[in-house]
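K.L.:
If you want the building blocks of each chain, they are given just below.
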Amino acid sequence: MSKPKVASDWMAGCSGCHMSFLDIDERIVKLVELVDLRSTPITDLKQPDEAGVDVGILEGGINNTANEEVAKLMRSRCKILVAFGDCAVFGGVPALRNFFTIEDSLKRVYKDIESNDAEAIIPSDPELCKPTRVRAVHEVVPVDIFMPGCPPDADIIFYVLSELAQGRMPELKNDKLMWN
Amino acid sequence: MVNITIDDKKFEVPEGTTVLNAAREAGIDIPTLCNHPMLTPYGGCRLCLVEVDGFRTLQPSCTLPVINNMVIRTDTPKVRAARKFILNMIFSERNHFCPYCLVSGGDCELQNAAYAEGMTHWDLMPNWEPHLLDASHPYIIIEHNRCILCRRCVRACSELVGNFTLGFEERGAQCTLVADLGVPLGESSCIGCGTCVQVCPTGAMIERWSAYHGLEKDVKRTKTICVGCSVGCGIETISRNNRLVGIDGDWDASVNNGVICDIGRFHPVNDERIRLTMPMMIKNGSRVEVSREEALRSAAEYTKSNKKEQTIAVISTRLPIEALDVFKQLFSAIGILATTLEEGLKTKPIATLADSGRYPTEATLDELSHSDCVMVIGEDITKDHQVTSFFIKRRVPSGLKIISVSSEPVGLKNFSRLHLKINAGSEVEFIQSLINTCKSEKIDEQSKTGIKPDDFQQVVDWLKTSKNPLIMYGQEYFKNKFLDAVEKLTELAEASHAKLISTKGGANSLAASQLGLDQPISLDGVKNVFFVVGDERLSEPVLKKFEKVSNLIVLASYHSPLTDVAQIVLPIQTWLEDEGTYLNVDGRLQKSIRSFEATNQIKSCTDELLSMAEYVGVEIDKNWKTRLTQRRSPVEIDENKMKEIQ
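Order-wise, the sequence lines are chains A and B.
So that you can map any letter, position 111 of the first sequence is 111 in the working numbering, and since no number is skipped, the others follow by simple counting.
So that you can map any letter, position 305 of the second sequence is 305 in the working numbering, and since no number is skipped, the others follow by simple counting.
The reader is advised that the hints may include incorrect statements.
Said to hold, decoys possible - To list a few chain A residues with every Cβ distance to chain B over 12 Å, as calculated:
(1) Ile24
(2) Leu96
(3) Ser115
(4) Glu119
(5) Glu171
As the list claims (entries may be wrong) - For lysine to any residue, the following SDA-like pairs were computed, each having C-alpha atoms within a straight-line distance of at most 25 Å:
(6) A/Lys130 <-> B/Asn127
(7) A/Lys46 <-> A/Asp112
(8) A/Lys72 <-> B/Pro126
(9) A/Lys173 <-> B/Pro14
(10) A/Lys176 <-> B/Asp75
(11) A/Lys30 <-> A/Arg133
Because the hints were derived from the structure by calculation, they are not lab data.
Don't be surprised by glycine CBs; every beta carbon is placed ideally from N, CA and C.
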């Protein structure tokens with residue numbers, strides 16, 4: 001049996017979940033023996049293989065049209081999609097902006113912020129993606145495994161990936177279930 | 001007893017028990033959010049739904065009484081699915097974001113319930129309708145975004161505290177916790193007791209001074225008593241790294257059953273005074289730090305060599321009986337008047353009457369919960385001895401007749417069936433008129449009190465026709481007519497068959513009075529004062545009075561204007577660092593337990609007084625129990641407890 005292929009990407013998050021992933025330390029060697037790590041934000045390959053991967057991992061919520069594309073691409077190319085961390089599962093800290101309108105948020109960040117001068121403008125180049133409300137991944141594409149945590153503990157990440165690598169569905173409960 | 005079956009196990013439980021309590025008794029866990037053991041079941045959150053044979057729908061176990069042969073199932077797929085659905089609904093109703101909530105990580109009952117159901121995510125996302133924070137109150141913040149509308153706070157405010165401040169307005173998604181008729185909490189009738197915060201299952205009610213100081217797993221809880229006043233409420237101190245971070249009421253305490261006031265809960269945490277850590281003396285005109293031995297030896301020498309008639313010794317009633325007793329023995333042996341700040345005024349008249357056998361044994365605080373008519377005079381019990389006012393106010397819905405009598409505005413006014421505003425200084429005349437009315441003697445139409453004969457008649461009718469009438473009184477408004485007042489109240493109690501309860505004063509007022517530390521203070525001709533301040537916060541007038549004394553020796557926990565002028569200052573432990581015995585307002589002997597270690601190896605007041613006695617050369621007998629009961633007490637002192645305490 002060939003090693004399962006794993007790809008990951010990050011969206012509206014702080015990349016802390018990926019950092020927590022690196023916190024599995026030397027166990028990464030064991031993990032690489034079990035899985036074939038394909039595209040990730042910190043490897044050269046940036047998009048999951050066209051031929052598809054077994055496990056797709058998404059960190060962060062979806063807060064613009066670019067994130068939507070990332071999520072849809074990952075979903076279309078993976079068998080099992082993992083929502084990785086509180087932002088992917090709940091919207092997380094970026095979702096605080098949902099309490100305001102997008103116009104107000106943009107105005108605050110690009111015009112009103114104390115470090116800006118009077119000529120500040122809100123970027124509107126048609127090339128740019130459009131900001132949206134911040135959504136959890138499962139509001140945009142179906143998710144198979146929810147791994148909450150801000151960030152998820154390295155032990156939990158290792159548990160989930162090693163279970164998947166060995167063809168089992170991880171079950172997050174008791175001490176492995178942690179939202180904060 | 002009735003027979004029931006829960007999850008295929010048979011149990012025999014008392015009739016009238018709810019299914020929830022029966023299950024808990026049997027060790028079967030049913031999750032709940034709105035239910036609280038101290039509050040009337042409400043059935044609001046629906047998390048405790050169970051399947052009952054013969055019932056068409058799932059039933060809330062917290063409000064469902066058991067009936068014979070009931071078959072209950074708590075762990076079926078249907079129940080589990082309902083719980084998960086309910087939790088999803090609750091999470092979607094407001095904005096529960098665990099990463100930025102202070103109770104997340106173990107202290108949130110909602111989060112724990114979700115974990116228990118294995119919820120990895122929310123099927124329904126929040127509605128993102130922001131709710132404004134109410135941070136208008138000095139101690140409490142209401143975070144409406146975390147509110148699950150369980151109404152625990154509302155029930156606590158009315159059922160336990162009797163303040164009826166909190167309530168709900170609007171329906172459905174608009175349903176919101178409000179204070180009074182929708183004013184900010186800080187501008188409402190809230191008295192800041194914080195019971196609502198203690199019962200809140202989520203992070204919706206926040207203690208401003210304790211927030212983010214540590215989760216339950218990080219802190220140490222100590223069951224002890226509050227020494228803020230003579231009620232002696234049971235509390236749990238919450239400390240971390242030898243520092244107080246919060247105080248909760250102790251639900252198991254027999255005195256108060258968990259309710260405490262703002263002074264008990266918030267004041268000690270929000271104490272900005274600076275701790276004394278080193279003994280100090282004035283040497284050659286300047287203040288220098290000295291060793292403990294030098295301070296003690298000098299204090300002993302001063303005390304011995306001073307002229308007895310120019311010297312007095314004063315101690316705070318916040319200190320334990322052990323300290324009061326050593327203090328009394330030490331200064332009696334030297335021949336110096338030993339007393340407390342307030343007992344001369346507040347408890348001496350009662351003690352004198354009690355000792356002469358003319359004073360009836362007072363009612364206990366428990367009797368406030370069974371009384372049908374309470375008259376309160378002489379003190380605003382919603383300010384001092386506040387928890388006693390909770391016992392009274394919370395019985396308004398059950399028809400307790402409250403009569404408040406005062407020349408000053410008092411907090412009890414709005415809760416009273418009859419509020420009599422009398423002319424200032426006419427308290428004693430008022431009581432005399434009641435006595436006359438009791439005896440059907442004619443009273444003056446134009447009485448000095450400003451009260452009409454009809455009102456006197458009303459009060460007397462209520463007192464006389466009630467099953468368990470009580471008269472609660474304090475010294476404050478009687479001022480120096482207190483002895484007269486107590487005599488008249490004794491007479492009134494007899495004429496109306498009412499029982500008396502006096503509020504006394506500080507935590508150990510009764511003990512101080514029993515030990516004879518109750519001479520009125522006069523500083524005329526006094527040049528030297530040995531002042532055991534302890535951790536008491538002295539009032540401005542007291543500070544002004546004692547600052548003028550030429551030679552001051554002060555034993556205190558905190559810096560104050562007195563420690564700035566004292567010849568000798570010796571630091572002692574605070575009530576949280578010390579331990580000892582207290583005699584509360586109705587004769588309960590209670591132990592105060594050490595919450596954490598004192599800084600800088602500071603000794604307790606008792607230890608320092610014992611060391612002083614050694615330097616002075618006075619033998620101290622540590623068995624205070626016989627001395628505590630030497631004089632007759634106005635209340636029954638708990639004999640069993642006396643034997644228990646070593």
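K.L.:
For every hint, state whether the structure bears it out.
P.N.:
We went through each hint and held it up to the structure:
no.	hint	result
1	Ile24	holds (20 Å)
2	Leu96	violated (8 Å)
3	Ser115	holds (24 Å)
4	Glu119	holds (31 Å)
5	Glu171	violated (8 Å)
6	A/Lys130 <-> B/Asn127	holds (22 Å)
7	A/Lys46 <-> A/Asp112	violated (35 Å)
8	A/Lys72 <-> B/Pro126	holds (23 Å)
9	A/Lys173 <-> B/Pro14	violated (36 Å)
10	A/Lys176 <-> B/Asp75	holds (22 Å)
11	A/Lys30 <-> A/Arg133	violated (39 Å)
The structure shown violates the earlier hints numbered 2, 5, 7, 9 and 11.
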